[in-house]
Amino acid sequence: KAGVTQTPRYLIKTRGQQVTLSCSPISGHRSVSWYQQTPGQGLQFLFEYFSETQRNKGNFPGRFSGRQFSNSRSEMNVSTLELGDSALYLCASSKDRVNEKLFFGSGTQLSVL
Amino acid sequence: EDQVTQSPEALRLQEGESSSLNCSYTVSGLRGLFWYRQDPGKGPEFLFTLYSAGEEKEKERLKATLTKKESFLHITAPKPEDSATYLCAVRAGSARQLTFGSGTQLTVLP
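Chains as they are written, first to last, in our numbering: chain A, 1 to 113; chain B, 1 to 110.
Just chain B, same shape as in the assembly (with noise of 0.2 Å):
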C-alpha cells in the first residue's frame, strides 16, 4: 500500500525565515510526486510535478527537490502570504489516484 508521510505537522516561521518541509513516501513505481498548497476554505492548488529523483523545480520563493525516498519543499525569505497548509501527493504504479500526505500547515509570522 501507498504511504505518503509529511513532517513536520505544523510549522511557524518568521518572515524572512528560510525553512524546508519534508514528504516521505513509500510506494512501489513512482509516476510523479505532487506538490499542493491549499488555504482555508478552499480547494488544494497546484504547485509542481517531479518524476524521477534528483529533479528540482522552482516557483517564487518555492522549490521542490526530489530523492528515491523523500521529497522537500524548500521555502526562501518566506512572507505572510506563504501561509496556508502544504500537501504532498504520490501517483503510483498503475493507479491513477493520487495518495495525500497529510499535510505541513505553514504560519509564517510578520
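Chain A on its own, in the form it takes in the complex (with noise of 0.2 Å):
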C-alpha cells in the first residue's frame, strides 16, 4: 500500500513569488492534514481538510490556503512568498475524523531566497 505522497520534494523561490505543493493521501483516506515544520518553532498546524471542506485551521497568515479535491488530493498555497517560509511541509492523512492516527509524507522542502 503506497503511503502518503508529496511533490515537489524540494522547491526553491525567491520573495514575493507563490508557490502550490501537493499531496496524495494514502488510498481510502479522505482526511488531509498539513503542517509546517522549522528548527526554531518544530511542527505547526496550518488545516486540515476532510471531504473537500476545511475542517480546522492554524494560527498562519491568509497568505497560506489549502484545498482537497474529490479524490481526497490536496494541495497547500502560499502567496508572497516571504523568508520566513522557509520550511519543511508535511501532508499527513487519516482514514477518517474518528481516526486518531496520522500518516505522515516525507514533506516538500521549500526555501525562499
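Treat the hints as calculated values from the structure; they're not laboratory data. Check the hints yourself; a few may be wrong.
[Unchecked claim] Not the full set, but computed from the structure, chain B residues with beta-carbon under 8 Å of chain A:
hint: 1; residue: G43
hint: 2; residue: K57
hint: 3; residue: R91
hint: 4; residue: G93
hint: 5; residue: Q97
hint: 6; residue: F100
Where is the CB? At the ideal position from N, CA and C, for every residue including glycine.
Fit the two chains together into the complex; they arrive one by one in their own frames, and the hints show the way.
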C-alpha cells in the first residue's frame, strides 16, 4: 500500500513569488492535514481538510491556503513568499476524522531566497 | 493554550544502554498523546497513542507510559538503528490538530 506522497520534494523560490505544494493521501484516507516544520518552531498545524472542506485552521496568515479535491488529494498554496516561509511542509492523512492515527509524507522542503 | 515540553533536547547512548525520554504536557482535556519517530529527511512515523493515565504500550525495544502530567518513552537495550528524533504530540479538547513538542534527538553509538 503506497504511503502519503508529496511533490515536489524540494523547491527554491524567491521572495514575493507564490508556490503550490501537492499531497496524495493513502488510498482510502479522506482526511488530510498540513504542518509546517522549522528548526525554531518545530511542527505547527496549518489546516485540515475532509470531504473537500476545510475543517480546521491553524494560526497562520491568509497567505497560506489550501484545498482538497474529490479524490482526497490536496494542495496548499503560499502567496507572496517571505524568507520566514522557508520550512519543511508536511502532509498527513488519516482514514477519517475519528481515526486518530496520522500518516505523514516525507514533506516538501521549501527554500525562499 | 496547550503546551508540550520534551526533554532532554538531545541524548547520546551507547548501544545497549537503556534510558527514558520525557514529554510533559499542559492541556485542557487530553484526548490522546502520540509518539512519533522522525528520521532525517523523512516525515514523522507513528509509534504509539495513549489515551488515559496508567496506560502503557510496547513495540520492540520501545515502551510508552502515560501519567496525568507526562509521558515517558523507555528505550531498552537500544541499537544504532534506533537513532532518530522522537516527537511527542497531544490532541486536546475539541481540537482536531496535534500540538507537537520540539523533540528529543537520540543518537545510539555502536
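Status of the hints after comparison with the structure:
Look at G43/B: its Cβ gets to within about 3 Å of chain A, closer than 8 Å, so that hint holds up. Given hint, K57/B at the interface with chain A, is violated; its Cβ is 13 Å from that chain's nearest Cβ, farther than 8 Å. At a threshold of 8 Å, the smallest CB-CB gap from R91/B to chain A is about 7 Å, leaving the interface hint in force. Interface hint at G93/B: violated, since its Cβ lies 12 Å from the closest Cβ of chain A, which is beyond the 8 Å cut-off.
With a cut of 8 Å, the hint placing Q97/B at the interface with chain A holds, because the nearest CB-to-CB distance is about 4 Å. At a threshold of 8 Å, the smallest CB-CB gap from F100/B to chain A is about 4 Å, leaving the interface hint in force.
Going through the hint list in order, the structure does not satisfy hints 2 and 4.
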